[in-house]
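Those protein sequence lines, which keep their order, are chains A and B.
Basically our numbering = 1-based index in the first sequence + 160.
Basically our numbering = 1-based index in the second sequence + 19.
Since the hints were derived computationally from the structure, they do not count as laboratory data.
Accuracy of the hints is not assured; some may be wrong.
Said to hold, decoys possible - 25 Å max Cα-Cα, derived BS3-like pairs, lysine-lysine: (1) Lys636(A) to Lys149(B); (2) Lys35(B) to Lys340(A); (3) Lys302(B) to Lys282(B); (4) Lys35(B) to Lys473(A); (5) Lys317(A) to Lys306(A); (6) Lys473(A) to Lys62(B); (7) Lys725(A) to Lys747(A); (8) Lys687(A) to Lys145(B); (9) Lys636(A) to Lys148(B); (10) Lys725(A) to Lys687(A).
Stated by the list, open to error - Partner residues are not named here, just some residues of chain B that face chain A (Cβ under 8 Å, in silico): (11) Leu60; (12) Arg101; (13) Ala102; (14) Ala103; (15) Phe188; (16) Lys241; (17) Val242; (18) Phe243.
Yeah, the Cβ is synthetic: ideal placement off N, Cα and C, and Gly gets one too.
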Amino acid sequence: MSHRRILFCAGTGCISSGALKTRDALVSELEKRGIRDQYEVVLSGCHGFCEQGPLLIVHPEDTFYCGVQPEDMAELIDEYLLNGRVVERLLYKDPVTGERTSDHMKIGFYAKQKRLVLHNCGVIDPENINEYIGTKGYEALKAALKMERTAIIDEVKRSGLRGRGGAGFPTGMKWEFTFKTPGDKKYIVCNADEGDPGAFMDRSVLEGDPHAVLEGMIIAGYAIGADEGYVYVRAEYPLAVKRLRIAITQAEEFGFLGSNIMGTGFNFKINIKEGAGAFVCGEETALLASIEGERGMPRPRPPFPAISGLWGKPTCLNNVETFANIPLIIREGADSFASVGTERSKGTKIFALTGKINNTGLAEVPMGMTMREIIFDIGGGIRDGKQFKAVQIGGPSGGCLPAELLDLPIDYDSLTQAGAMMGSGGLVVMDENTCMVDLARYFLTFTQNESCGKCTPCREGTKRMLEALERITEGKGESGDIPMLEELANSIKDSSLCGLGQTAPNPILSTLRYFRHEYEEHILEGKCSAGVCRNLVTYHIDAEKCTGCRACTRVCPVEAITGDKKQPHEINIQVCIKCGACMEKCKFDAVILK
Amino acid sequence: MSQVNLTINGIPVQAKAGMTILEAAKTVGIDIPTFCHDPELAKVGACRICVVEVAGARNLPAACTVPVAEGMVIQTETERVRAARKTILNLIWANHPQDCLVCEKTGSCKLQDYSYRYGVSGSIYKGQKKEIPFDDTNPFFFRDLNKCILCGKCVRKCHDINGVGAVDFMWRGFKTMVTTPFDVPIEESSCVFCGMCVDVCPVGALTPKQGLGQGRSFEVDKVFTTCPYCGCGCTLYLNVKNDKIVGVTPNFEGPINGHLCVKGRFGWDFVDSPDRLKTPLIKKGGQFVEAGWDEALDLVAEKFKEVRAQYGADALGGFSSARCTNEDNYLFQKLLRVLGTNNVDHCARL
């Protein structure tokens, strides 16, 4: 067989499931057989389907294997690579039909996606600029450098691209403001401080296709008249930082970055600033303060960064995914870009699917796709056959949407209307076993810890909201707590300094809007239907299901369970400490929560 | 500078472009409450007590940071604004000791003033309060960080005006506090005890040690004077109660500095000190005894003469004080030169 290419997904997800060990095993097995030179073994960026990792794709035929372990490699070589017999057991198995397929485009997870921004992720070697160039990389830059600056800005405006960092401000307008602000020195800043729990869109783009982000930044620099850029990236993303550094060095060597770019006389350099882990540094003014070496605290706007940003200079600040869209727009044209999406939200959006969903991973979909399609068609539905309850969209700043809104098209405006927000694209799916009050408590714990402490409503207000939620989940809620929470939440929204504070009450407001009965149930009836709030549940044994096997009595640490052998047991709720050990142990689902 | 026309509480206002809403409101006598604002400092918009309603704006912007714009329609005391301010006061009180009866700041405390204005008598929120140890480790002021409302004025004064940067914010969220690097005692920090932070603290978090319990701000007479310590001539107010100095406050409107240094701010306890010399002392039989001025001056003149006769005029020297007036110092050097020596110096040079 001729020269073949074997791609290992080397996103952070697959690396943690052992992709590198599997790669090493493959290489050593190839060497053992003396055929190493016939195969090109490549580490790619994230392919998105983290649930099934480590992933491996064999080109040119595009055979998709998942869950590949080091011990599978000998078989893969002998059966498939050498003899063309597909290793069935390593193919993706559809959880519903049970069918296996070697074509990943037939897998529900990929079939409904529209991978425009991610088109290189999982396909090219992100550490090799030639592979990026081989997929039309830096063609957009070449074209842009021949355009008038205003023409580039117009093209971006016409595309309808809106900021992918969350708020959805039209990117072209931001560029235009920065372009029009007079100044000898201007900056481009890329916000790669992705901090929402469960979100890894920007990480995957940086790890899988760093040049796309650089190209977007360089084009932005040329368009607005900046000669320097910063990527503010979390230090917790070491692989992204490493690949960015490699990409910058290579782009400089190839003349796409640095002085006299592509012989046009345009100069642009890019620096990396590693963030120290404060969530609030994802807020643009706090991010700029952090680059300047100040404590990461937001500054009042106006002045907006386009007028006075980094070191007081006009600064254009966009998110990773926004920049990664730019080469596409310039290369394919604004019309092509705008043909995807809805009236007011153009293009695609990448979502990180997490929570109680079958296919956790990264998915890029056209704007306007419904939540149902994302969660059930791409995400494969809810784990363990449970019921969908809600989805938290937009991270701690977003909102929690119920099953009634599953057919809501996902775009900036309908999400905001529904009390959530696009955010950076985190999608946390919850099943029937999630308590919505407890969920709100979780997000408030996060925002309270991450509040920078500067403004009173956010610093003190999130604390009081959190305390109220803690009381409610502990069964100490009072009837006045709901109106108090609503009033306080609205005040915080109204009067906080930055986006963090203004959106921190969203998880409470949206759960109150759609799941108010759960709050009332906790406070008035002392009950948690989801069975999450420990103080509000009691453990019981269903006499009909109990076989009297005594397994639960053996694990109960406080001897709260009594009953004769082969007779239904009973839990003394006075003694029970609600550790849940009996429930975990019971094979007959006889332990129930009331 | 160009003018902008706007309306505040229905009053047409002509303001200079670049002014904040707060400044424009002031020109027509509308008072908007502030904790973190100080005209001398960078605008931070941190405390949010100054939020106002601007027609067309989604949220309530902070009057201290938002610049005026043509045609702006602003309301500073609507129900929505008052509700937000009440919430902020309630939130501050939920995390603030309620010991106004003994707090040194009572009477000049902004938290008290605004609580009175908006009818907030404590907090509707219950929960955890800060528990930071009381700090009295330096000779000049107390730091009770449990009373700190984190307006950050002390931080900005220390960094931007004094240039010392002894304190800054530490931690995040509810744990946020203003303290020294690594939270070392203030005496071990780079603090120079100028007291600027004490002067701008809107609440009782930073209070001077001297004068503790001796007089409320509304009980004292403010006597305008010039600092006697050095030649700078900063003006200040002596806070006097029953003919005793119980404190000093700077004169921010003064043409010189405005702020004081550690000496002018804290160094006035000598005035009523029992150790203060009020008559000359002459050593007789190994003991200092009180003497009249004539006797003392006669003795000095006699000794001068003796020294000059025996060793020459250059055996004499004079050392004057920065606390004397220029005229006194002029006469002093003149005296020394008449005695025949140029040996004259002055403590401010040290």
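How the hints compare with the structure:
For the hint pairing Lys636(A) with Lys149(B), the CA-to-CA distance comes to about 22 Å; that is within 25 Å, so the pair holds. Restraint check: the Cα-Cα separation between Lys35(B) and Lys340(A) comes to about 24 Å, which is no more than 25 Å; the hinted pair holds. In summary, the hint linking Lys302(B) to Lys282(B) is not supported, as the alpha carbons are separated by about 31 Å, beyond the 25 Å threshold. With a C-alpha separation of about 24 Å, the suggested pairing of Lys35(B) with Lys473(A) holds against the 25 Å cut-off.
With a C-alpha separation of about 18 Å, the suggested pairing of Lys317(A) with Lys306(A) holds against the 25 Å cut-off. Taken as a hint, the Lys473(A) and Lys62(B) pair is honoured in the structure, with Cα atoms around 18 Å apart against an allowance of 25 Å. Of the supplied pair hints, the one linking Lys725(A) and Lys747(A) holds, its CA atoms being roughly 16 Å apart against a limit of 25 Å. Restraint check for Lys687(A) and Lys145(B): the C-alpha separation of about 23 Å stays at or below 25 Å, so the hint holds.
Taken as a hint, the Lys636(A) and Lys148(B) pair is honoured in the structure, with Cα atoms around 19 Å apart against an allowance of 25 Å. Using a Cα cut-off of 25 Å, the hinted pair Lys725(A) and Lys687(A) is violated, with the two alpha carbons roughly 32 Å apart. With 8 Å as the threshold, the beta carbon of Leu60(B) stays out of range of chain A, its nearest partner Cβ sitting at about 13 Å, so the hint is violated. Checking Arg101(B) against chain A by beta carbon gives a least distance of about 11 Å; that is not within 8 Å, so the hint is violated.
Look at Ala102(B): its Cβ gets to within about 7 Å of chain A, closer than 8 Å, so that hint holds up. Interface restraint check: Ala103(B) against chain A, minimum CB-CB distance 4 Å, threshold 8 Å, status holds. Residue-level restraint check for Phe188(B) holds (minimum Cβ-Cβ distance to chain A is 6 Å; threshold 8 Å). Checking Lys241(B) against chain A: minimum C-beta separation of about 31 Å lies over 8 Å; hint violated.
For Val242(B), the shortest C-beta to C-beta distance to chain A is roughly 37 Å, which exceeds 8 Å, and the interface hint is violated. Among the interface hints, the one on Phe243(B) is violated; its C-beta lies about 35 Å from the nearest C-beta in chain A, farther than the 8 Å criterion.
Hints 3, 10, 11, 12, 16, 17, 18 from the list above are not met by this structure, while the remaining hints are.
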